[in-house]
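Novice: For reference, the chains in residue letters:
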Amino acid sequence: MFSRDSWKEIFETIQKNKLRTFLSGFTVALGILIFVSLVGLTNGLQNTFDEFFNDDSTNTFFIFPGRTSMPYKGYKSNRQIEFDNSDLVDIKKNFSMFVQYVSPRIDRSGLVKYNNESNNYTTRAVSESYQFAEKTIMMKGRYLNFEDVKKKAKYAVIGRLVEKDLFGSEDAIAKYIDVSGSVFKVIGVFQDDGGDDEERRIYIPYTTRQLIEKNTDKVDRIVVGFKPEIGYAGAMAFDKSLNNFLREKKYISPKDQNGIYIRNVMDQYEQNQQFAGVLAIIGGAIAFGTILAGIIGISNIMVFVVKERTKELGIRKALGATPRAVVGSILLESTFITTISGVFGMVLGMAILSSMGEKLKDYFITNPYINLGLAIFATVLLIVCGAIAGYIPARRAARIKPIVALRDD
Amino acid sequence: MIEIKDLHKSYKMGSNSLHVLKGINFTAEAGELVAIMGSSGSGKSTLLNILGMLDEADSGDYTLDGVPIKNLNETKAAKYRNKFLGFIFQSFNLINYKSAMENVALPLYYQKIPRKERQERAMKYLEQVGLKEWAHHLPSELSGGQKQRVAIARAMAAEPKVLLADEPTGALDSTTSYEVMDLIQKINDQGNTILVVTHEDDIAHMCKRIIHLKDGVIEKDEKVTQVRASQYV
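First to last, the protein sequences are chains D and F.
Each residue of the first sequence is one higher than the one before, counting from 0 in numbering that gives the first Met the number 0.
Each residue of the second sequence is one higher than the one before, counting from 0 in numbering that gives the first Met the number 0.
Some clues are possibly wrong.
Computed list of lysine-lysine pairs in BS3-like fashion (alpha-carbon distance at most 30 angstroms, straight line) [said to hold, decoys possible]:
id : chain 1 : residue 1 : chain 2 : residue 2
1  : F       : 97        : F       : 75
2  : D       : 306       : F       : 97
3  : D       : 72        : D       : 112
4  : D       : 174       : D       : 139
5  : F       : 11        : D       : 310
6  : D       : 310       : F       : 69
7  : F       : 111       : D       : 17
8  : F       : 111       : D       : 310
Rather than coming from a laboratory, the hints here were simulated on the basis of the structure.
So here's chain D without its partners, still in its complex pose (with noise of 0.2 angstroms):
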């Protein structure tokens, strides 16, 4: 059944019947191709989702004072609402079973002077745990410490592309730059995952802004980081509870909307998680009924071929072909065309994913992949499918008498 005289008949009525044998390896191939390409955009979308999420500590809340929007004990409404050094010790004191660390968040933008290079940048002035919730890498020198922060050292951690843009190729440790008119000494150099934008930052403690801007103690924004330990469902307790406790603190009415925000970094990336699973669900169905709908595609190809050629078999089999000679040749060439336009369509598809990288990154894909192993269980499927569905017309076709096969006119 496989010696090279039947591969050599089969090459042949391949060659003679160039639609037939297009239509079938462009059904199978283009099934495998929409399935390995959906596959890894599905799988590019959570590439790019988990991404947004990676360069931060998800352990983590930004908590935002804001404008009260009713009146509440007295108060009237429309009260900008303002933390202070005092609400960072009352949150570590009350909630110590929780909290990890907390910082405050100033930020100034203004412009920074080296020598004759100048340039303007965000000046976040945190607490020296504030490294922990930006993951923050450090290429050379240090991060802030307690030290620094307790001393209200004039220490500054400059972003990657501060020091390109300021020093050039110089090395910007120990070098003291300008920022907005006070001058601080810089002590490490840092990177981060999360792009240009925060590359183009520089650390200094909270305690020496404070100092500059007339000694006061407000604070603009806290972040606190918890303990991972307490799981999702701890922190959505805590992010509830640390709630209450500052509306009560700064007398904020539980029913105002406005007054404070907390970001619970937690909550978006369990949302984001869900959201990304819906859509890899939505893609796998969708991907699944591709297949389906090329399996479906060749088994109607198969009846069609086997019911064009009734007639020919009806020759053959009056010449003397045997019914497994007759079976075994359709079988044959139907399981070539499949499996040539299958690994095709495979081969195609994932050449595209890989080409792909990180250019739709503006659609929210990066670097599409497919598990190899997928793919080809997919394509051996279509084959098999395409085989069996080959099968059942062509031992129909085999059974026929040839007397009523060549009757068919």
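We have chain D; now place chain F onto it with these hints.
Specialist: Below, chain F without anything else, positioned relative to chain D:
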């Protein structure tokens, strides 16, 4: 060569049963050229199909070259057809995407004869029917008479015991018909046994014996003086 005893065949047409062959007895020796004649519905094609193992009889004995033909499964029937019989059909039944030579070589493919030998033998038979130059043409590029000659070459290629021709001239004009009959006569002259089903009197008289079928029985079985087709060509 062929021995038939009390052959019966009926077809079920809905609730009715149509008794087509009602006890046929005849014998054909090797080297005979027999015409089977009869009006349509007389059962001549059915008889030929049974002789060709394309159809099965309900009862009766059929012996071909000393081999009893009965209770054949499809595989065995295919092998016997390949070994014993060559078919010539009214509508030629060539495979339209294969060249003349490939069509002729096809029965040899099913005998598992190596490709090269297949092609050589196919060419030999094409030469015999005078179509050597047309070997690589597709059936669609050939005339009706040429197609039938390719079909005859194909029937001969497997070197069968018996050639069965079902209205071989039915789709051809009279000049071409005589050319085909001339060819059949020449093949018969070489000692091949040939059965021809026809309803044309002049074609029947180009054979050596005529069997007249009527309503499923043999009405008349006569030896005739053969009219050579070559005189008309």
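Novice: List in ascending order the numbers of the hints, as given earlier, that are violated by the structure.
Specialist: 3
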